[in-house]
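2 protein chains.
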Amino acid sequence: MKFSNRIMDMQESPIRKLVPIADKAKKRGKKIYHLNIGQPDIETPKEFFEAVRNFDEQVLEYSSSQGIPELIDGFIGYYEKYGIDFKEDDIIVTNGGSEGLLFSLLATCDNGDEVIVPEPFYANYNSFTSAAGVKVVPLITKAETGFHLPNKEEIVSLITDKTKAIIVNNPGNPTGTIYSKKEIRMLSDIAKEYNLFIISDEVYREFIYNDTSFTSFAHIDDIKDRVVIIDSISKRYSACGARVGCIASKNTDLISQVLKLCQSRLCVATIDQVGAAALASVSKEYLDNVVKEYKKRRDIVYNSLNNIEGVVCQKPEGAFYVIAKLPVKNAEDFIIWMLEEFDIDNETLMLSPAQGFYATEGLGLDEVRISYVLKEDSLKKAMNILKEGLKLYKDRN
Amino acid sequence: MKFSNRIMDMQESPIRKLVPIADKAKKRGKKIYHLNIGQPDIETPKEFFEAVRNFDEQVLEYSSSQGIPELIDGFIGYYEKYGIDFKEDDIIVTNGGSEGLLFSLLATCDNGDEVIVPEPFYANYNSFTSAAGVKVVPLITKAETGFHLPNKEEIVSLITDKTKAIIVNNPGNPTGTIYSKKEIRMLSDIAKEYNLFIISDEVYREFIYNDTSFTSFAHIDDIKDRVVIIDSISKRYSACGARVGCIASKNTDLISQVLKLCQSRLCVATIDQVGAAALASVSKEYLDNVVKEYKKRRDIVYNSLNNIEGVVCQKPEGAFYVIAKLPVKNAEDFIIWMLEEFDIDNETLMLSPAQGFYATEGLGLDEVRISYVLKEDSLKKAMNILKEGLKLYKDRN
Chain A
1 MKFSNRIMDM QESPIRKLVP IADKAKKRGK KIYHLNIGQP DIETPKEFFE
51 AVRNFDEQVL EYSSSQGIPE LIDGFIGYYE KYGIDFKEDD IIVTNGGSEG
101 LLFSLLATCD NGDEVIVPEP FYANYNSFTS AAGVKVVPLI TKAETGFHLP
151 NKEEIVSLIT DKTKAIIVNN PGNPTGTIYS KKEIRMLSDI AKEYNLFIIS
201 DEVYREFIYN DTSFTSFAHI DDIKDRVVII DSISKRYSAC GARVGCIASK
251 NTDLISQVLK LCQSRLCVAT IDQVGAAALA SVSKEYLDNV VKEYKKRRDI
301 VYNSLNNIEG VVCQKPEGAF YVIAKLPVKN AEDFIIWMLE EFDIDNETLM
351 LSPAQGFYAT EGLGLDEVRI SYVLKEDSLK KAMNILKEGL KLYKDRN
Chain B
1 MKFSNRIMDM QESPIRKLVP IADKAKKRGK KIYHLNIGQP DIETPKEFFE
51 AVRNFDEQVL EYSSSQGIPE LIDGFIGYYE KYGIDFKEDD IIVTNGGSEG
101 LLFSLLATCD NGDEVIVPEP FYANYNSFTS AAGVKVVPLI TKAETGFHLP
151 NKEEIVSLIT DKTKAIIVNN PGNPTGTIYS KKEIRMLSDI AKEYNLFIIS
201 DEVYREFIYN DTSFTSFAHI DDIKDRVVII DSISKRYSAC GARVGCIASK
251 NTDLISQVLK LCQSRLCVAT IDQVGAAALA SVSKEYLDNV VKEYKKRRDI
301 VYNSLNNIEG VVCQKPEGAF YVIAKLPVKN AEDFIIWMLE EFDIDNETLM
351 LSPAQGFYAT EGLGLDEVRI SYVLKEDSLK KAMNILKEGL KLYKDRN
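Top to bottom, those sequences are chains A and B. Everything in the first sequence is counted per UniProt numbering, starting at 1 for the first residue and increasing by one. Everything in the second sequence is counted per UniProt numbering, starting at 1 for the first residue and increasing by one.
What the hints contain is simulated information worked out from the structure, not anything from laboratory work. Please read all numbers here as calculations on a predicted model, not as lab measurements. One should not assume that every hint holds.
Since the list can't tell identical chains apart, any single copy or any two copies may satisfy a pair.
What the hints assert, rightly or not - Capping the alpha-carbon separation at 27 Å, the derived lysine-lysine pairs in DSSO-like fashion look like this:
| id | residue 1 | residue 2 |
| --- | --- | --- |
| 1 | K2 | K135 |
| 2 | K152 | K2 |
| 3 | K284 | K181 |
| 4 | K27 | K315 |
Hey, can you work out the whole structure from these sequences and the hints?
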């Protein structure tokens, strides 16, 4: 039986495809530090679990396709704190940021259309675009310039009559880069001049480690009908398993169109929406502490990487990832080797090969994405394992 | 700003698009009997809620993209009771049957490919195919023959070199039709002869009111590599808001391909999977009672409809829907009129216009889908409201 070309062309998740190899190592009794996946170890606010436990309907019914009103209100209140004025008709609750991305693509692009995406980018963008039959046109950004954007001419040169949108992830996964107000303004001008949508994935909005204030595309008033914000509670509240996010846009026509897709999948899990709505009462301290914790982790990882011979990386400004160039030919081979053959006191670590975060053939082969989502002690141990592993691997090759 | 053609072409859910009108009526204090949506009023098994309440992790983590092992085991055990031998590698947990349908389409069809679907069919098939750029080729079935399949020649005449799959919903929504073993065999032969997949949506498997035993496509051994079963706990366990279903197929290559899509959306809500896994211990009596209850409801609705002048319908064999032809020109106009202008003691009812369940232009205009998902008393009242409403509406027009 023949499968579709779109699914055959789709890559396996670079974050998850090596999991079977890790599972085998675990079965042999090895402990693995998971720096491959953006799964924080921070406790989910108890408000979420309490609301879930207090859910006392007798029938677990469908909820509204747009999302339960309490949660939509929660998102409105959340954006208010950022000075962003979204109303009820501007917001749709989605199955995490993932569904928001897929639905935004489906609503703005037809089969064969193109989207411009700064590269390296969140690997699953490749999957969503494959599913939607949309071509990713990568906008190459470089470690040397902290993965910041090139000049306007270079970006504009990628635009064709098939280009429908620019997708940005800000703060960026896997780069840790935060775009400056100037960069946001430049992209806004391009969107205006060339009649494009901007799909802005801002799920790491809180995770900022420098002093500059964060500029959301929702802050740019003169392109408000072009901006689609993708959001999620997954990282912010360490609630990845809830699968709750949203699409927010002041283009209410777009929201109406996306709602047709939402109606077809009926609703987002009801109980998880109830839990997510309760997050509105989580204290500011919770998030402040989370960010403080991640800043500490960022520093540990960045300083450790700088102390490993042959490793090159930029200091991430936000999110909780860093792209590191390793002194190896093929990073995926090295990761597999670390899982299968290396350990210190029966412990090893797992990273994501960075190749899957690129669309340009040949890029990222010797790079990894490191998620610094573990506690200080574990991170230090993991970084030492990486250092020793690289030493042995280099000698071996 | 221009949206994609695929989203502009997508219909609004006929089940949900009149909800704003109903909401307005409710705001004016009217009570509405909802026979428009397949939302059962049966209590969800307490096992589900107990498992949810007992979830005591501190971090709500992503779960496996394939689904949590306990739930996959649960599905395996469930199928065993039907004499169907699925193994771990044959099953993927999905966000309800909806995601299973979309993912099956994406994995088997490219943009421009065709699927044959007996018509009338579950309205959201139109949405999923629009999203995937797949053309629905309707196979017309008629009320006069209980919406059973036409002969082989008629079906085969629809096949082109773009046809990739036949989608069936058995027992059928909105028809209530259950395909006989002979019909299943005929479709299996066609799939074999013309190299097609069969995507078999069997979410109403339990809801059978005649004495013939149910034949699943998973029972047909000689086409096992062509069959994709779509399933869901929504109807069976009155757990629509959990958004938990599965794709099951003995074509493990297909499962591997679909897993790439699953990895891109990371996972199905973790807590709902835990709740769903606990359903394995629900007693057989629960389902027996549910089916008994629906059989009673089916009889009430069918008999009531037969007593309304000018209404034509077939006795449904399964699921919990019936398609009824009303003595009106346009069923949607009538439904809106019932919501806005008619009541008995300030009560009215809501139905789904059947047009959205057809792909063939002009069909279903004077038909409605009735979901018999309410208790005996409510159903009787609702049927009386329908009878009186039709009487007045006819005089009025």
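Practice item. Give the relationship of K27 and K315 under a CA distance limit of 27 Å: within one copy only, between copies only, both, or neither. Key: So K27 and K315 fail the 27 Å test inside a copy (35 Å) and across (55 Å) alike.
Exercise for review: Check K2 against K135 for me: Cα-Cα at most 27 Å, and say if that holds within a copy, between copies, both or neither.
Suggested key: Answer is both; intra-copy 22 Å and inter-copy 18 Å each pass.
Check your understanding: When no copy is specified for K152 and K2, does a C-alpha distance of 27 Å or less occur within a copy, between copies, both, or neither?
Key -> between (43 Å within a copy, 24 Å between copies)
Practice item. At 27 Å max between alpha carbons, let me know whether K284 reaches K181 within a copy, between copies, both or neither. Key: within (25 Å within a copy, 61 Å between copies)
Comparing the model with each numbered hint stated earlier shows that hint 4 is the single one that does not hold.
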